[in-house]
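Visitor: Given these sequences and hints, build the entire structure.
Protein sequence lines, in the order shown, are assigned to chains A and B.
The numbers in the first sequence follow our numbering, run straight up by one, and end at 293.
The numbers in the second sequence follow our numbering, run straight up by one, and end at 623.
There's no promise every hint is true.
Computed list of lysine-lysine pairs in DSSO-like fashion (alpha-carbon distance at most 27 Å, straight line) [claimed, not checked]:
(1) A:LYS273 / A:LYS284
(2) A:LYS124 / A:LYS141
(3) A:LYS284 / B:LYS622
(4) B:LYS606 / A:LYS273
(5) A:LYS141 / B:LYS442
(6) B:LYS606 / A:LYS124
(7) B:LYS483 / B:LYS524
(8) A:LYS124 / B:LYS442
(9) B:LYS622 / B:LYS606
(10) A:LYS273 / B:LYS622
Covered stretches of chain A (in silico footprint by chain B; criterion: 3 or more residues with CB under 8 Å from a CB of chain B, positions within the stretch not fixed) [claimed, not checked]:
(11) 45-58
(12) 123-137
(13) 215-223
(14) 263-275
Residues on chain B that point at chain A, a partial pick, calculated with CB under 7 Å [as the list claims (entries may be wrong)]:
(15) ALA371
(16) SER373
(17) TYR409
(18) THR445
(19) THR538
(20) VAL540
(21) ASN541
(22) THR610
Source of the hints: derived by calculation from the structure; they are not laboratory data.
All residues carry an ideal CB built from backbone N, CA and C; glycine is no exception.
So the chains spell out like this:
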Amino acid sequence: MQTSMYNALFGALTQEHRLANTANNLANVNTTGYKRETMAFRDVFIRFGHGMLDPISAINEKSLLPVPDDLAQNRIALTHIDFAQGSAKETGNPLDVALQGEGFFKVRTLEGDFYTRNGNFRLTPGGELVTGQGFPVLVDGGPVNLEPNTRIVIGPDGAIQANGEPVGNFDLVTFENPQVLEKLGQNMFRLRPGVQAAELPADNATVLQGYLEGANVEVVREMVNMIEAQRSFEAYQKVMHTAQEADQKVIREVASPR
Amino acid sequence: MMRSLWTAASGMQAMQMNIDVTSNNLANVSTTGFKKSRAEFEDLMYQTMKIAGAANAAGDRIPTGLQVGMGVRPVTVHKEFTTGSFQNTGNPLDLAIEGDGFFQVDVNGDFAYTRAGAFKLTNEGQVVTANGYALQPEFIVPQETQNIVVTENGRIVAMDKFGEELAGADIPLFTFVNPPGLNSIGRNMFLPTEASGDPIEGVPGEENVGTIAQGFLEGSNVDMVEEMVRLITGQRAYEINSKAIQTSDQMLQTATQLKR
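Guide: This is the structure we're talking about:
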């Protein structure tokens, strides 16, 4: 009885968690460069106690207990960032850049170098190229200053030209396995602490000037996820309810004085 | 459960902001020299439930951990200074800037900057904007003026009926390192801020500050179709976030029904 109650409880908690994740994906449906998150589940096997018994010790060599069985309890194992490409939206702004293919822009903050796919860049009063939050974007390994009143042209390889003069190339990097990155908020990613992974040049990435990359959230998929989470939650509630009813029945009927 | 409620609420708030910005753009679709605004969003912080690399019960290392996001927020609303379409008006004091520059006008002693070049004359002959702010440097047209000519390079000349020059001045154009950092004060005017940098004076036609076209007005750079699409996506995003709140609410209800 307790097992079914707790199984259902963990199941329901998992669904709650899943809804939180889906809600976050939906909340960020218009966030530039947002990458959706998925959850992976795994079941945790709990062996029935009688499965541990020595079969020989069974009375009359005939097993009184059912065949040992495994009970699955599901747990959320991990979240997984889906790095699939988002749709490109045209903005016409010369300092808006979208990445096509695998890769990230590098951004320098006080806490280290982070990565982003949000190419909504601007200039500081001093002419430095920065992100919307004011962090310098790295070009050839460092921040870059662009002269005022110049015509900025950014090539597909990330080369920046001001009035036809080369200024530098965006630091476009990728990783052998992008799952070494974790989300930081503010549309940025960083290496998971304690993970050693080498930055690779993002050779397959193409830079599009005048575009921004939208979120890769598919509304329909998330809605289906949400419905599924809700219905499973209801089902687990039913399980808990049934377990409770069975408990009551046991107390009432079995223990009643005849 | 509460997490998803607040996450979805942040989504609704963000989309509300998106629609506010879009409606202001649509309201100014016919405003001379208007520059559209754009809201940008970023994801909020993440709650780490399980640290990546931690060992699980079986002794395996979890490769990627478990993070749940907390929603979305607007990061900036910035102006987009793309050039609007030009309309031919034939009015000699309608000036449009082909390029990045701004006119400087005197707003009650402060210098403000505008791209709305629909200038008028006062009864004393001074060149002012439609709301009466004087174009800088001040230029007064003599009484006998028959014709006013503005060249591409910003030379404004008042001529009499014989084509003789009566008075002339040079209209400079001003640019900013970071025009999205300008402070919009309404009335098609902008004020410089620390974020925009100080105005840089330039001669029209030189160094990409733009040239002046006489007899033209710059329309708003609002693209109707784009704004309508933004309105639709904003509304739908608002809707799905409200659905997420509904779902959380129904799940909460389900949870409370556990105990009858």
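Visitor: Taking the hints in turn, state whether each one holds.
Guide: Each hint, compared with the structure:
1. A:LYS273 / A:LYS284: Holds, because 16 Å separates the two Cα atoms, which is no more than 27 Å.
2. A:LYS124 / A:LYS141: Holds - the C-alpha atoms of LYS141 of chain A and LYS124 of chain A are around 21 Å apart, at most 27 Å.
3. A:LYS284 / B:LYS622: holds, 16 Å
4. B:LYS606 / A:LYS273: The given pair, whose Cα atoms are some 23 Å apart, holds under the 27 Å limit.
5. A:LYS141 / B:LYS442: At roughly 25 Å apart (the allowed maximum being 27 Å), LYS442 of chain B and LYS141 of chain A satisfy the hint.
6. B:LYS606 / A:LYS124: holds, 26 Å
7. B:LYS483 / B:LYS524: holds, 20 Å
8. A:LYS124 / B:LYS442: With Cα atoms ~17 Å apart, LYS124 of chain A and LYS442 of chain B stay inside 27 Å; holds.
9. B:LYS622 / B:LYS606: holds, 26 Å
10. A:LYS273 / B:LYS622: Answer holds: LYS273 of chain A to LYS622 of chain B is near 11 Å, not above 27 Å.
11. 45-58: holds (count 9)
12. 123-137: holds (count 3)
13. 215-223: holds (count 6)
14. 263-275: holds (count 6)
15. ALA371: Given a least distance of 5 Å, the restraint on ALA371 of chain B holds.
16. SER373: holds, 6 Å
17. TYR409: holds, 5 Å
18. THR445: holds, 5 Å
19. THR538: holds, 5 Å
20. VAL540: Check passed: Cβ of VAL540 of chain B comes within 5 Å of chain A, closer than 7 Å.
21. ASN541: holds, 4 Å
22. THR610: holds, 5 Å
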